[in-house]
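Taking the hints into account, I'd like the entire structure generated from these sequences.
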Amino acid sequence: MKLDLKKKKLREINNTLQNLDSKKNDRDFVIINPEGSHALCAGLDQEMKVLIKGHVGYYCAGMNQKAHVTIDGNVGTGVAENMMSGTVHVKGNASQSAGATAHGGLLVIDGDASSRCGISMKGIDIVVKGSVGHMSAFMAQSGTMLVCGDAGEALGDSLYETDIFVKGSVKSLGADCIEKKMEKKHLNKISALLKKSEIKNIKPDSFKRYGSARKLYNFNIDNVSSY
Amino acid sequence: MCGIVGIYLKTKKFEKNLGKMLSGMLNNMESRGPDSAGFAIYKDEAKKVYKFSLCINDLNFNKFKKEISKKLKKAKFTQISDHVVLKTLEQPKKVIEIINSNFPKVSIVGYGRSIEIFKQVGNPKDVVKKFKLDSFSGTHGIGHTRMATESAITTDGSHPYSTGEDECLVHNGSLSNHNNLRRELTKKGNTFNSENDTEVAAGYISNSLSNNKSLKDTLTSGLKDLDGFYTFITGTRKGFAVVRDEIACKPAVIAETKNYVAIASEFQAMAHLPGVNSAKIFEPEPGIVYSWGK
Numbered sequence: 001m002k003l004d005l006k007k008k009k010l011r012e013i014n015n016t017l018q019n020l021d022s023k024k025n026d027r028d029f030v031i032i033n034p035e036g037s038h039a040l041c042a043g044l045d046q047e048m049k050v051l052i053k054g055h056v057g058y059y060c061a062g063m064n065q066k067a068h069v070t071i072d073g074n075v076g077t078g079v080a081e082n083m084m085s086g087t088v089h090v091k092g093n094a095s096q097s098a099g100a101t102a103h104g105g106l107l108v109i110d111g112d113a114s115s116r117c118g119i120s121m122k123g124i125d126i127v128v129k130g131s132v133g134h135m136s137a138f139m140a141q142s143g144t145m146l147v148c149g150d151a152g153e154a155l156g157d158s159l160y161e162t163d164i165f166v167k168g169s170v171k172s173l174g175a176d177c178i179e180k181k182m183e184k185k186h187l188n189k190i191s192a193l194l195k196k197s198e199i200k201n202i203k204p205d206s207f208k209r210y211g212s213a214r215k216l217y218n219f220n221i222d223n224v225s226s227y
Numbered sequence: 001m002c003g004i005v006g007i008y009l010k011t012k013k014f015e016k017n018l019g020k021m022l023s024g025m026l027n028n029m030e031s032r033g034p035d036s037a038g039f040a041i042y043k044d045e046a047k048k049v050y051k052f053s054l055c056i057n058d059l060n061f062n063k064f065k066k067e068i069s070k071k072l073k074k075a076k077f078t079q080i081s082d083h084v085v086l087k088t089l090e091q092p093k094k095v096i097e098i099i100n101s102n103f104p105k106v107s108i109v110g111y112g113r114s115i116e117i118f119k120q121v122g123n124p125k126d127v128v129k130k131f132k133l134d135s136f137s138g139t140h141g142i143g144h145t146r147m148a149t150e151s152a153i154t155t156d157g158s159h160p161y162s163t164g165e166d167e168c169l170v171h172n173g174s175l176s177n178h179n180n181l182r183r184e185l186t187k188k189g190n191t192f193n194s195e196n197d198t199e200v201a202a203g204y205i206s207n208s209l210s211n212n213k214s215l216k217d218t219l220t221s222g223l224k225d226l227d228g229f230y231t232f233i234t235g236t237r238k239g240f241a242v243v244r245d246e247i248a249c250k251p252a253v254i255a256e257t258k259n260y261v262a263i264a265s266e267f268q269a270m271a272h273l274p275g276v277n278s279a280k281i282f283e284p285e286p287g288i289v290y291s292w293g294k
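Taken in sequence, the protein lines are chains U and X.
For reference, each letter of the first sequence is one residue, going 1 to 227 in the numbering used here.
For reference, each letter of the second sequence is one residue, going 1 to 294 in the numbering used here.
The hints are simulated quantities; they were obtained by calculation from the structure and are not laboratory data.
Some hints could be false.
As the list claims (entries may be wrong) - Here are the simulated DSS-like cross-link-like pairs (lysine-lysine), alpha carbons at most 30 Å apart as the crow flies:
id	chain 1	residue 1	chain 2	residue 2
1	U	8	X	280
2	X	129	U	6
3	X	47	X	76
4	X	132	X	12
5	U	200	X	280
What the hints assert, rightly or not - Partial list, computed: chain X residues near chain U (C-beta under 8 Å):
id	residue
6	266
7	268
8	277
9	282
10	283
11	286
Unchecked claim - Each pair of labels, with its calculated beta carbon distance range:
id	chain 1	residue 1	chain 2	residue 2	range
12	X	122	U	222	54 to 62 Å
13	U	187	X	238	49 to 57 Å
14	U	205	X	195	56 to 64 Å
Don't be surprised by glycine CBs; every beta carbon is placed ideally from N, CA and C.
Given below as structure tokens:
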């Protein structure tokens, strides 16, 4: 079904997608003329496919559960923020805080993601084919971040148990983030993610692994300057 | 909040439509700043003529025209709502002196050989309509929609700020060391008309440019001297430059085609621009000065 944002209001379109008849089989939607609208496809909670043709604004596909949303364009701040499950695929670039605080599902960004990608992520898998900006994976708690390009300053600052894999250079690591040994299970994890996001010609062992040194979990007076 | 927009035309193709393009951008940024709005338009003008953008507030235009014509011979006037563009062959120093000592109710919004500035309190859609922005042509323009935070909703508190010939600045963010910097700049001879932080940043830029520093060097040293969070668009006769502080929590997105470069707080602001969907769209990186111009 085609949904045109020039003909229908944002709220109407979101309402349609958020309240699909659970017995209905037509679960394929194309949204045209998004023109940078905010909160498009936020709060979807059923299996469905949505293709957005064009650039969108903030919080696209936020809180997503089960739905598969593809954006054929760029996205603004907070794409897939607080996602629980499903997939969000951005074909262009993403602005800051992509996948912020998300608990699950897969976010794939074909271009670059700017600052604070995966901030406070709690279980989502984020794959960025380009590079990520500064403070990415800040306070990241669990899940995986795979970056095929470079990472900006202070990667993984104050992180907990998120696995970060970066193929290119890392400008600097944040407090308590260190490079860690790559083990077989990590290579398997990378292979699976590359496959899921349809990335070919990149070898899993070309990535480096970063994680928490686990020194800042509990307050320790010796580390006071790092907090 | 606040919304900032700018457009620089790389070719002549859209020069007649510049006002229309900019007004659409401002209208779409209403949600980020409903308190006041303003814009600066640059167009090529005869070399010796200076243009003064004046807000005459509640003064009667004809009375003002009559009075000032006694002191400034051969001046030409264009009135749009409560703003007047005064064209003269006289040097700026003299004109500013005449206005300031005889017309306390008139504020000089900006001056130069190319720039025209209009700004007023109210909803951006109304402000744009009032000043007939749609009818303007030009080479580049900058605009602002304000959600007032650190100073009052007044014309003087509205952007763009112009503190030097053909210079202007719009700002999304907030500066924390503006009071100190204002004192330092005042000692160096700058004058300020408001309590606003952006006016201080504009003064800082003008001061540096008048010391023969390039716009790029000025904005780069500004990253050290201006403490706060901001995205700036600063215009000069030749073009404009964009810079974000190094934390970069204030948004900005740039769209570039072969005919123009547009910048805005959100993509929404430029969704109506011709060919924008196939433009190169990217976010300016923190702490890096981007500039376009002749």
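* To do: Return the numbers of the hints above that this structure violates; sort them in rising order.
  => Every hint satisfied by this model.
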